[in-house]
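One letter stands for each residue in the lines below.
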Amino acid sequence: MEQNLQYFLIPFLSWEMMMLIWVGVFAGIWVGAIPGLSVTMAASLLISFTFSWDLNSALALICGVFVGGVYGGSITAILLNIPGAPAAIATGIEGYPLAQRGEAGKAIGLCTTVSVFASFVGILVLSVAAPVIANFSLKFSPRDFFLLAVMGILLIGSIGGGDPIKGITAGAIGVLLSMVGMDPSTGELRYTFGNIYLMAGISFVTAMIGLFGVSEALTQFRNTGKKSPKQNLDRIIPSWATFLKYLPLSIRSSLLGVFIGALPGTGGDVAALLAYDQAKRTVRHPSRPFGTGAYEGIVAPETANKGAIGGAFIPMLTLGIPGDAVTAIIIGALYIHGLKPGPMLMIETPHLFWMIVSCLTIASVALMVLGLVSVKPFAKIIEIPKEIIMPVVIILSVIGTYAIQNSVVDIFYMIGFGIIGYFLRLYGYATGPMVLGLILGPMLDANYRRAMQGAENQLLPFLEGFITNPISLFLTLSIVFLIVSQSPFYRRWRGLE
Amino acid sequence: MEESRELQAEGAAAEAAGTVKDLSKYVPEARRKPGELGIAVIMFLLGALGYYFALDMTSGEYSSPSVFPKLASTVIMACSAVNFFKAVRREKPESAATLTGYLLPMDVVVVVILLVTYCFVLPRFHFVASSYAFMVIGMVYLQRGKNIVRALLISALSLAVLVAVFRYLFLVILP
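As you go down the protein sequences, you meet chains A and B in turn.
Mind the numbering: the first sequence is residues 28 to 524 in the working numbering, read in order.
Mind the numbering: the second sequence is residues 245 to 419 in the working numbering, read in order.
Quick caveat, the hints were computed from the structure, so don't treat them as lab data.
Being a predicted model, the structure only gives us computed values, none of them experimental.
Where a beta carbon is used, it is the ideal one built from N, C-alpha and C, also for glycine.
Check each hint, because a few of them may be wrong.
[Said to hold, decoys possible] DSS-like mimics (lysine-lysine), calculated; alpha carbons at most 27 Å apart, straight line:
no.	chain 1	residue 1	chain 2	residue 2
1	B	Lys336	B	Lys277
2	A	Lys413	B	Lys390
3	A	Lys407	B	Lys336
[Said to hold, decoys possible] Covered stretches of chain A (chain B as the covering partner; in silico rule of three or more C-beta atoms under 8 Å from a C-beta of chain B):
no.	stretch
4	201-207
5	388-397
6	436-442
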């Protein structure tokens, strides 16, 4: 115990590590805020230039960027309705209406506070329950991941923003587009029409930048000359009473985030969407109706995606299995520095586990300070006339898209998606479900087919698994509950209507 | 509770001012928009094409690569048919509203043309020159020819910051 505490204190006693964590958080916030520039990309760039560094310093910087980057994605979602990352899509649904009401400062302030709280929840669970959760997450079969993706698809009703049938149409188009490219399990080409650029598939980040960034800019150009709302920046830091009001929801969503984050292959994006959906279903008296700027709709996804940071480290540190793309890169960094991530990592190098916990703790404190200091300058961005800010946003979208795989073709895709998104918006088809379909399509397809192959392509054994396996049964019942809870009968019974 | 009532009242005011649309309850619009039937037909055709091309994929087993493409295509076709009939049942668009006027106001057309041109010239003139031209022309046009010097300066400053931060600080390769 005393030994662990000593390991935990290493970063606190090293000014160099401390400084690197703060620099990482600062850089992460700005990188995360730009659509297309992802935390994953920043972490992989850092690996290359921290190659010759001491491992402790490299990890300090990467942990800082990770925490700051996940937070940064929400800033542009709130201010401009352009999420910096898929994990911030749900935040934009409630955050942007708040910015339109002049409450961007208050929204970002609350977002920062609950984000820091959720980071601590994730870190706490990582420190005390990592081995238990890691072993449990390994019991998830392809059938369970398929069910998890089905749960995600059911969110279309929540983020559709209007007509549910139009939401389902957009979601199905997203799933169809996600099928483009080489099938990862058989190598068969689907919808490529002999075009080599389509063989790698359509990047959902490219689609997201187009569907949210460019289409938002084009939609804004329909109303040029309209003045941007003046932002009220008097009360940025939420009161203690406000924090306590949202505490139960924060705890619930953070824990959901930790758990989803700990599942290999899922991450903050799925966690945030699931948390937003559960908040929409369970919060009886939101500050405003959902979809119009409910603060609960910011608290739930933000706490879930920050909780997922701690969660993603759980399988990585205990089993050597990455929880998400960033932890996969960190595993790479550990290999580069001569370590062997796996079940023996915590036994052979316990200092590493406690040092990562410590780096994440310091990064969360830095996030609180840097996040709150940045609220005023960030909120002022929205007051810039759109005739000036939107051309700059388009250039940022171009930089972000090109950075994904250094391809000009991706910029064409991005603009194509932007124009499609603009037309869809005009006819009431929300763009969120399309991105959701693009994200979840491969997860649905791959896990369904693996589960079916596991059942030797027999329908009955495949369906039997849904009730005979305890995890599958729990997820199946959750899906049934999600469907039932959308019915008007249930909502009237629970007093949600 | 008091705070909640205050927020509800603010919400109603913002709604009335037209700054925020209430999406909490879906209320179908009385009139259909120009081209709404057309977009439902286009989506139906997209679904039909998706299904048609999925027929070329390996099928025959429950785990075949064609299962989800066919499923997604079928959902698109079914939903588009519902969207079409829902739109038919609504009143016709106002006679003054034209399809091109609704879809493509002049500002949007100009920006889309600028954007497509920008993409084509980007590989030839590279990031700095193409982006500077895009920003200056875009800003000057959208401000109706006013503040040309301000547009030149803001574009130069924004671009300098973007290049410094992304190219030199974050080591991002620019187009």
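Against the structure, the hints:
1. Distance restraint check for lysine 336 of chain B and lysine 277 of chain B: the Cα-Cα separation of roughly 8 Å lies within the 27 Å cut-off, and the hinted pair is therefore satisfied.
2. Straight-line distance between C-alpha atoms of lysine 413 of chain A and lysine 390 of chain B comes to about 15 Å, which keeps the hinted pair within the 27 Å bound.
3. With a CA separation close to 42 Å, the supplied pair lysine 407 of chain A and lysine 336 of chain B exceeds the 27 Å bound.
4. Evaluation of the coverage hint for the stretch 201-207 of chain A: fulfilled, as 3 residues show C-beta separations to chain B shorter than 8 Å, against a requirement of three.
5. Requiring three or more residues with a Cβ within less than 8 Å of a Cβ of chain B, the coverage given for the stretch 388-397 of chain A is violated, as only 0 such residues are present.
6. By the rule of at least three residues with a Cβ nearer than 8 Å to a Cβ of chain B, the coverage given for the stretch 436-442 of chain A holds, with 3 such residues.
Consistency with the previously given hints fails for numbers 3 and 5, ordered from lowest to highest.
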